[in-house]
Amino acid sequence: DTVTDLQALLGSLRTMQGEFTQTVVNRSGKTQTSNGSFAIQRPGKFRWHYRKPYEQLIVGDGKDVWLHDPDLNQVTVKQIDKALDSSPAALLSGDNHLEKRYRMKALQSRDNLNWVEAIPRQGDNNFNRVRIGFSGKEIRRMELEDSFGQTTRIEFRMIVVNSKPDAALFRFTPPKGADVVRQ
Amino acid sequence: CAGLQPPPPPLNGFSASGRVVVRAGNEAHYANFGWQAAQGMDRLSLDNPLGQTLAELEIDYRNNQPVRAVLRESSGASREGKPEALLLETTGMQLPVTGLRWWLQGKPAPGVAISRDTEDGRVIEQDGWHIATSDYAEAVPVKRGPRRIELSRGEISVRIVISEWQWTTPRQ
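Residue numbers (my numbering), protein chains in the order written: chain U, 1 to 183; chain Z, 1 to 172.
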């Protein structure tokens, strides 16, 4: 069924790269759109690079998660498990199987994608539920709902699966002069 | 300046979104934020880059004094208290929110303040804070909507960049 199809897809996923568009809709309907590029290499490595409307870079190098905001000249770094991150990048690059940490449920297909909903087993304080939309071997969309009624929709484009991404994508060296703080 | 203060100008309602980092000692607290301000109430939402809300602070004002503040956490728990204390307890961020609703706009808050224009913005000294605003979105007819706000007091320094300004009340 759809859940086992997704698990098979994730099981065979070693790397995934492409572009994304993120749309955040808050409960009063205000939307904020951003876009950029991403790369994922299981286990634990990911790059999530917002380019528009401003730059923000998040890199998981397997041990730590780095966040760089060039406008603020700020770099924060924390251990990957401490990051307790429920972002798409962490979800997709996580090594353990999804069903250990999330209850999975098949949803009706929509926009000609198969959908699975993942609800965190123990209270993950960042979000209530994640929906993953996929077709064939490709994850095309993710929707994250937080407990304030704010929804984040992410659309993946130009997806390349199981290629050989440049290892430098998953390393981060703070630029000279940046304020670097470990949390 | 002794004597009766003229009533402060009404707050221009605004909505601003951007990012903030609060540095104190060897700690840094970083967040995306959305700030909706109106004469009687502010709502400050702190989010992670993915748009998931980490905390939401609502403050009611009566003639520019905070009369009630409620902070809601992503776990759904909500608490009342002093705005700055609530924010510090739940997020670790030391952010002077009741002053910032004015300073964010490059204006002094009501009360005693020193404020002077500089070449690229304005500097304000108030409540022990040194506030510098620059990179204004609009300059004509009056400077409005700084995109960069930096403030410091003692060992706390705050850096803010605003990526979107919207004003809800017509231009004064």
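No lab work stands behind these hints: they were computed from the structure.
Just so we're clear, the structure is a prediction, and the values are computed from it rather than from any experiment.
Treat the hints with caution; some may be incorrect.
[What the hints assert, rightly or not] Calculated lysine to any residue pairs in the SDA-like style (CA-CA distance at most 25 Å, straight line):
hint, chain 1, residue 1, chain 2, residue 2
1, Z, 82, U, 148
2, U, 78, U, 137
3, U, 137, U, 7
4, Z, 143, Z, 117
5, U, 52, Z, 156
6, U, 30, Z, 117
7, U, 30, Z, 24
8, U, 137, U, 101
9, U, 100, U, 175
10, U, 52, Z, 82
11, U, 30, Z, 38
12, U, 176, Z, 117
13, U, 30, Z, 155
14, U, 78, Z, 147
15, Z, 143, Z, 155
16, U, 52, Z, 117
Now the hints, each set against the structure:
1. 82(Z) with 148(U): holds, 22 Å
2. 78(U) with 137(U): violated, 32 Å
3. 137(U) with 7(U): holds, 11 Å
4. 143(Z) with 117(Z): holds, 10 Å
5. 52(U) with 156(Z): violated, 30 Å
6. 30(U) with 117(Z): violated, 34 Å
7. 30(U) with 24(Z): Cα-Cα ~32 Å, so violated.
8. 137(U) with 101(U): holds, 22 Å
9. 100(U) with 175(U): violated, 38 Å
10. 52(U) with 82(Z): violated, 36 Å
11. 30(U) with 38(Z): holds, 17 Å
12. 176(U) with 117(Z): Violated - the C-alpha atoms of residue 117(Z) and residue 176(U) are around 31 Å apart, more than 25 Å.
13. 30(U) with 155(Z): violated, 36 Å
14. 78(U) with 147(Z): violated, 28 Å
15. 143(Z) with 155(Z): Violated, at about 30 Å.
16. 52(U) with 117(Z): Violated. Residue 52(U) to residue 117(Z) sits at ~31 Å, over the 25 Å cutoff.
In this structure, the hints that do not hold are numbers 2, 5, 6, 7, 9, 10, 12, 13, 14, 15, 16, in rising order.
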